[in-house]
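Undergrad: Chain by chain, the residues run as shown.
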Amino acid sequence: MSKSDDLSPEPVEKIIELRLPSKLGYERVAMDTAASLARRMGFHDDRVESLKTAVSEAVTNAIEHGNQQDAAMKVVVLLTARDDELIISVADQGRKILDHGCTTRSPQIADVLEKFDKGGWGIWLIRELMDEVEFTTVPSGGNQVRMVIHLEQ
Amino acid sequence: MTYSTSPITSLELTLPNELGYELVARDAVAAFARRLGMSLDQIDDLKTALCEACINAIEHGNSLKPDLRVEISCRVEDERLVIEVCDEGVCPFAPKSEPLSIMEKLAGLGSLRGMGLMLISQLCDESGFVSRNDTGNCFRLAFQRRRVTRLGR
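Respectively, the protein sequence lines represent chains A and B.
99 is the number that our numbering gives to position 99 of the first sequence; each next residue is one higher, with no gaps.
162 is the number that our numbering gives to position 9 of the second sequence; each next residue is one higher, with no gaps.
The following block holds chain A by itself, in its conformation from the complex (with noise of 0.2 Å):
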């Protein structure tokens, strides 16, 4: 086909996907292949470090509460890099559902103070770092969580 033909062209996307035993830290292997496609696409260094926090955030729900830590259990993460953008889908396979109600509010910083467990602040971090995030129950029944950041040329 030549070019003149070629009105509405498919944007080109390449895809990596990872699978990755539900046990913590290894969301740094996340982190790093995140990073190191981000690198490769021209995202700022700080947009990069961005883009590990909310990785590691979502990772790591996703082997706490999504899988429950059970190391049998695989994380999925697919990166889609497009021209101007990299989306991240992370999914578990939902050992425990997310309540969708914690991934619309927003932790009080005087509530969480005087709680003894400081944590609960992911998803909220996640919003604050990605320019777009969308959770969703996949038909399977696991918990994903879709992330866009945008390439600012």
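Since the hints were made in silico from the structure, they are not lab data.
It cannot be assumed that every hint is accurate.
If you only want the chain B side, here are some residues facing chain A, beta carbon under 10 Å, derived [said to hold, decoys possible]:
#1 T162
#2 S163
#3 L164
#4 T167
#5 L168
#6 P169
#7 E171
#8 L176
#9 R179
#10 A181
#11 V182
#12 A183
#13 A184
#14 F185
#15 R187
#16 P245
From the derived model, a few chain A residues whose C-beta atoms are all more than 12 Å from chain B [claimed, not checked]:
#17 H44
#18 D46
#19 H65
#20 G122
#21 V133
#22 R146
Where a beta carbon is used, it is the ideal one built from N, C-alpha and C, also for glycine.
For chain A, the structure is supplied; the task is to place chain B on it using the hints.
TA: Frame of chain A; chain B shown alone:
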């Protein structure tokens, strides 16, 4: 492509068949090896060997066809990290009966390329093609996780 039955501590990764993505695989597997407590020297060897194996899969096994994939699996077997790099076998591996030595290549008797397998064999504790039930080449690299330093390497 299907994955073989995964032991608990394993990593699976699939890549686009495009030169450059071996660097993303390198960073993913290096992060996995760090989690396993391997030394920095070993991880340096692993990174070089893995890149060579991926380039062989992309360039030769998959003949640079952009719609194909390269599949990498890493698993812990006893005290070894075993990595398999598999392609879709457009071009099955055919060993040369007597490959040229480095000295012969430097003397101009052949291309300066084509030293990947020899390099890999020097960096790994074990390497070679393994047979698969389905089509495609599968190259295995194994590293002792606690390698005794070998003088004169």
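Undergrad: Each hint: holds or not?
TA: Status of the hints after comparison with the structure:
1. T162: 6 Å, holds
2. S163: The hint holds - S163/B has a Cβ within 10 Å of chain A, the shortest such distance being about 6 Å.
3. L164: Holds: closest Cβ of chain A sits about 6 Å from L164/B, inside 10 Å.
4. T167: 5 Å, holds
5. L168: 6 Å, holds
6. P169: 5 Å, holds
7. E171: At 7 Å from the nearest chain A Cβ, E171/B passes the 10 Å test, so the hint holds.
8. L176: Cβ of L176/B sits 6 Å from chain A, so the hint holds.
9. R179: 8 Å, holds
10. A181: 4 Å, holds
11. V182: At about 8 Å, which falls below the 10 Å cut-off, the nearest Cβ of chain A leaves the hint on V182/B intact, so it holds.
12. A183: 7 Å, holds
13. A184: This interface hint holds because 4 Å falls under the 10 Å limit.
14. F185: Because about 5 Å separates F185/B from the closest Cβ in chain A, which is inside the 10 Å limit, the hint holds.
15. R187: 7 Å, holds
16. P245: At about 25 Å, which exceeds the 10 Å cut-off, the nearest Cβ of chain A leaves the hint on P245/B violated.
17. H44: H44/A clear of chain B: closest Cβ-Cβ about 18 Å, beyond 12 Å.
18. D46: 19 Å, holds
19. H65: H65/A clear of chain B: closest Cβ-Cβ about 19 Å, beyond 12 Å.
20. G122: 20 Å, holds
21. V133: Holds: least Cβ distance 23 Å, greater than 12 Å.
22. R146: 19 Å, holds
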